[in-house]
Amino acid sequence: MAERRTGSPWTTKMSTASLVLIPAAIGINYVGKLFASMLKLPLWLDSIGTCLSACLAGPLVGALSGFLTNLIYGLTMDPISTVYGLTQAGIGIVVGLMAWYGRVNKAPGILLTGLLAGLTAICISTPLNMIFWGGSTGNVWGDAVFAAMGSQGFLASAVDELIVDLPDKIVVLFITAGIYKVLPRSLVSLYQAKDESLD
Amino acid sequence: MKKSISLYEEKHSFLNGLSPETKLLYVVVAIAIPVMIGGRIPFIAFMAISIGLLIDSKVLYKAKTIIEVSGFILITVVIIQTFFRGGNYTELFRLGPLVARKEGFEYSMGILLNVLNIIFCFCVFVLTTKPSDMMQEMVKHGASPRLGYVFVSLFQIIPQMTEHTSTITDAQRSRGMETEGSLGTRIKAFLPLISPVIMSSFMDTKERSIALEVRGFSSKAKKTFLEDFIPSKYDSKIRMILVIIFISSVVFVILKATGVLPVWLR
Chain A
2 MAERRTGSPW
12 TTKMSTASLV
22 LIPAAIGINY
32 VGKLFASMLK
42 LPLWLDSIGT
52 CLSACLAGPL
62 VGALSGFLTN
72 LIYGLTMDPI
82 STVYGLTQAG
92 IGIVVGLMAW
102 YGRVNKAPGI
112 LLTGLLAGLT
122 AICISTPLNM
132 IFWGGSTGNV
142 WGDAVFAAMG
152 SQGFLASAVD
162 ELIVDLPDKI
172 VVLFITAGIY
182 KVLPRSLVSL
192 YQAKDESLD
Chain B
1473 MKKSISLYEE
1483 KHSFLNGLSP
1493 ETKLLYVVVA
1503 IAIPVMIGGR
1513 IPFIAFMAIS
1523 IGLLIDSKVL
1533 YKAKTIIEVS
1543 GFILITVVII
1553 QTFFRGGNYT
1563 ELFRLGPLVA
1573 RKEGFEYSMG
1583 ILLNVLNIIF
1593 CFCVFVLTTK
1603 PSDMMQEMVK
1613 HGASPRLGYV
1623 FVSLFQIIPQ
1633 MTEHTSTITD
1643 AQRSRGMETE
1653 GSLGTRIKAF
1663 LPLISPVIMS
1673 SFMDTKERSI
1683 ALEVRGFSSK
1693 AKKTFLEDFI
1703 PSKYDSKIRM
1713 ILVIIFISSV
1723 VFVILKATGV
1733 LPVWLR
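If you read the sequences in order, they're chains A and B. When we follow our numbering, the leftmost residue of the first sequence carries the number 2, and every step to the right adds one. When we follow our numbering, the leftmost residue of the second sequence carries the number 1473, and every step to the right adds one.
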């Protein structure tokens, strides 16, 4: 899949192609969430765009895509979603770094990236859940366990978040890897060339 | 007709005339002060102010949709905390094997008030501010105009993409894909649904890059705005009032914490 790249993953100079990738990624996040809810799946599937853009164009683009997705949710549907932009940004950075260093090529690497992304989500979302929702996540299964554990405290809330987010992120990473494999080479090379070329 | 997911509507109201910066300052103040001072009253007070402002701007009805989104989680939080919160408790009533606990219920009410306060003051900002004005404010404060473009374009691109989803769903169903049934069946339906969306949005990306480049997107020349936002004459006064209220609250909290306050103010 993504070959290991040279140079630093943190250059902030963004080509037009990278910048334009962000709305596409955000749209994919939105549509993923829409289809997951339409099919009544027990997963969010709302970070496919973030992970894809992170694999294509690096951690900064991934983080921006994730953050802006939640900012837009917050401004158009649900204000509290805005703070969870930090979680999506974190996932974008983690996946972007793993892809930059060529670790998202084979199944073990993909699984590891999914686990790391899930862990990032737990670390960032759990404090947010505690501040705003008293530890709940709004997901039936996770909250049931949270309630059984006494519905308070960091550990119970973290377990709630783990049940919700770990499977979700692993599935998202495998979907991302699958889609990346079938993207046309001309598109992928747009983000890998040192000099931008639109031919 | 330009379709947008923004909830903004031009109502020529008092709030429409205030700059995005002032309204954002209000959001910060309305969230921070009740949290700093504590107790139920500051939350209710700010909610009342926000609701009053929304009624004046004739946009309160739109807040209903936003509350519905968070409403479900809020109800689950109240139920979970009231019936399942661990630790010592005072019994309120019983529902079969479940015990309603006073401490849990009060805790959930605190969460409810905080969340509702955040939602209403956010609405004051979101329902009365045009995305392009938000973008102008961002750029004035140093954000890259290219990022500003990306931000504004999202409000149109997202409805374009989500509009296609029903077409794609019908197309795939007519090819024999099942979208109802067991969990396995539904899981299998996800990839055939999302792949066309992903592919077409990436195809768009390359064309959009070229279109923007041709229109001078990467040019280093200073960018100007087609419609400059001009705030009303009350804008700076309101901002000053908000800052004063905020500083007073901080002083109040510090004095209270150090025990300097006279008895009647505590």
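In short, the hints are calculated from the structure, not lab data. Please read all numbers here as calculations on a predicted model, not as lab measurements. Please note that the accuracy of each hint is not assured.
What the hints assert, rightly or not - BS3-like, lysine-lysine: derived pairs with alpha carbons at most 25 Å apart: (1) A:K182 with B:K1692; (2) B:K1602 with B:K1695; (3) B:K1612 with A:K14; (4) B:K1602 with B:K1728; (5) B:K1534 with A:K14; (6) B:K1705 with B:K1602; (7) B:K1602 with B:K1534; (8) B:K1536 with A:K34.
### Hint check, failures only
Violated: hints 1, 4 and 5.
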